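From first to last, the protein sequence lines stand for chains A and B.
Just so we're aligned, residue 1 is where the first sequence starts under my numbering, counting upward by one.
Just so we're aligned, residue 185 is where the second sequence starts under my numbering, counting upward by one.
Mixed in with the good hints there might be a few duds.
[What the hints assert, rightly or not] From chain B, some residues computed to sit far from chain A (all C-beta separations above 12 Å):
1. 246
2. 270
3. 444
[Said to hold, decoys possible] Just a few of them, taken from the derived set where beta-carbon distance is under 10 Å, the chain A residues facing chain B:
4. 16
5. 44
6. 49
7. 62
8. 95
9. 97
10. 100
11. 102
12. 103
13. 104
Because the hints were derived from the structure by calculation, they are not lab data.
Being a predicted model, the structure only gives us computed values, none of them experimental.
Quick reminder that beta carbons are idealized off the backbone N, C-alpha and C, glycines included.
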Amino acid sequence: MVKEGAQLYTMEGIAAGLIMLLTTYLVLGSTSVYTPGDTHITDMQLEQVGSDILRVMDTPRNLTNSLQPNRTDLELMVSSTNGATFNTMFMSTYLCRTQNPLPVAKAISPECSDLQMNAGIWYVNKSNLLQNNPLYNPPLGTYSSLGPGVRVTHWIQTNLTGSGVPNVRNEPQEVLVEVLIWKA
Amino acid sequence: MRGDSGQLPVDFLVGFTIFILSLIMVANFVPSLLVGLQRTSGIDYDAVAYRTGVVLVEDPGETNPAQQVAFPIGGNPAEFGTMDWHPWELRTDKDQVSRFGLALARDTPNILSINKINRFFNVTQFSFSHGLGQDLGDSDYRSKLLFSTYQYGYNITLQNISLMAPGAPGLDLSVGQPYPAGYGYIRRYVLIKQNSNATLDLSGPYHQYFDTYPGNESFVCLPPDCNEQLTIHLNGSILYNASIGTPYLIDLQREPLIVNFTGLNTLLNNSGLNAGDLVAQNGTGICPSNGASRAATWATLREVDFGIPGTYNFWGTSVPGNVNANVWNGSASLPLQPLPLSNPMIVQKTLTLYMDYIDANYFNQNTDLTITFKFLDYDPCNPSSLPIPQTFVHGEFLYDYNRTNVTRPDLSTGMLEVGIW
Chain A
1 MVKEGAQLYT
11 MEGIAAGLIM
21 LLTTYLVLGS
31 TSVYTPGDTH
41 ITDMQLEQVG
51 SDILRVMDTP
61 RNLTNSLQPN
71 RTDLELMVSS
81 TNGATFNTMF
91 MSTYLCRTQN
101 PLPVAKAISP
111 ECSDLQMNAG
121 IWYVNKSNLL
131 QNNPLYNPPL
141 GTYSSLGPGV
151 RVTHWIQTNL
161 TGSGVPNVRN
171 EPQEVLVEVL
181 IWKA
Chain B
185 MRGDSGQLPV
195 DFLVGFTIFI
205 LSLIMVANFV
215 PSLLVGLQRT
225 SGIDYDAVAY
235 RTGVVLVEDP
245 GETNPAQQVA
255 FPIGGNPAEF
265 GTMDWHPWEL
275 RTDKDQVSRF
285 GLALARDTPN
295 ILSINKINRF
305 FNVTQFSFSH
315 GLGQDLGDSD
325 YRSKLLFSTY
335 QYGYNITLQN
345 ISLMAPGAPG
355 LDLSVGQPYP
365 AGYGYIRRYV
375 LIKQNSNATL
385 DLSGPYHQYF
395 DTYPGNESFV
405 CLPPDCNEQL
415 TIHLNGSILY
425 NASIGTPYLI
435 DLQREPLIVN
445 FTGLNTLLNN
455 SGLNAGDLVA
465 QNGTGICPSN
475 GASRAATWAT
485 LREVDFGIPG
495 TYNFWGTSVP
505 GNVNANVWNG
515 SASLPLQPLP
525 LSNPMIVQKT
535 LTLYMDYIDA
545 NYFNQNTDLT
555 ITFKFLDYDP
565 CNPSSLPIPQ
575 TFVHGEFLYD
585 YNRTNVTRPD
595 LSTGMLEVGI
605 W
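Work the whole structure out from these sequences, hints included.
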């Protein structure tokens, strides 16, 4: 069986092949450690800014005479399902400002105009189940993404009765506002 | 090898395979061991900028731990110890500040105090006569905000987005150096709480402000009902009511008390006199040339009583907190300095009381404090005579959350940027 031709035999050939495949796999796996780090920082910045925006939009500007908190911008937009105004305020007033005062440093994303967002709310419906309703949907054709998206959420308390939101309970409740931001 | 054949034995192949696998695994681990030593500017500077932004926006700052005491807003020192409770922005010595932070309180992230903002961004001059007189320098920002032995470059900018309170200047504040080509960055959106204030037009409707003498529809009073006194009433249980959220609290322990009385001249008993009649000055007032037995176009403020008997007199030097009262004399605002009682203050139209803050020992959630302005006039041509009724005013003004009484500015939105390199 063993001859003097220096040829590889079946078992040795398989072992050598496995070694090469394993080496290739490990080498390729070990070279891509650092690049996701930069991406993560950018995502973190965007997530922080988005969280700040929702918090600012959901803070009453003052007390009423009865010392009860005013309804906030965010609550008014959600309870009236005014997604267009929400998008304008979120993107133009805060995230991608185009009017004074402009940010003195770079934008969160260098091409801020490419940022897209999708907003929706989660609430408990009449059947005591969680239900989702869109608040703002971007134009068709912008759902493709060049990178990972960022998800920002904020709880508000409101009464959605009469808001046009389907199948909603007729009482105040906690509503989760969810915003997805990505680079189209 | 077997003889001169070129074939590997199986046991050698197994040993070599194990060796190669071990070598590959070790080589794979080495980069992970060095991750902590790796320095790429994008990661490091962004992280420092993020950290700095969190400290500024979500933390109220901290005083020197040796002098710090846990002290809730509106609290009474008698309940929480007698240590120095003042927040960092009210410290007269900046060395007593251990960490900057602009948040109103620990439970109000993203809501900044205008007083902390003004103190933090004050790097050029701080000329208030009532303390807080030290400028902040580069080393202060490094040691109390950046917390690093590495000499980071930094730029911190705050701009208002929505309008500030009427009459208040817009914010475009910055500290640090100009941005270089590359830097770490974070942007935070914030709300800015501004100070409340009250302006009382004494020529306006009586019932709008005052809660005494409810049957009278004017500030004007006539002898003998007139006591010639204006009182500001601060009720701790109202101002520090637990139902008021921290962002909307009128916290006079940490923000200034500002009260403007205007139109005082409309309440003076000056009938029958013209400005041209005033020709002589005898040290305590202006003596009318026609011999009328009273002062004419001014009110004479003799005393401001802080309601703590025998201890605090406006003309003395020991008052609760710092007092900076101003008098408008018709063309300029003059600071009202501590004066001896024998040298009273002449007020023509406007009287402004400005107190940086009120010490918690004198005003807290359990305190009812009144500040009374006492007017009293003598015949300037005959100072030794009995007092004459001149300033026909009386009443008590409750400083509370009623927006008819007290101007409470809305929270303004703003944008804070932090750059690190």
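Task: Those earlier numbered hints the structure runs against, lowest number first - done: Hint check: nothing fails, all pass.
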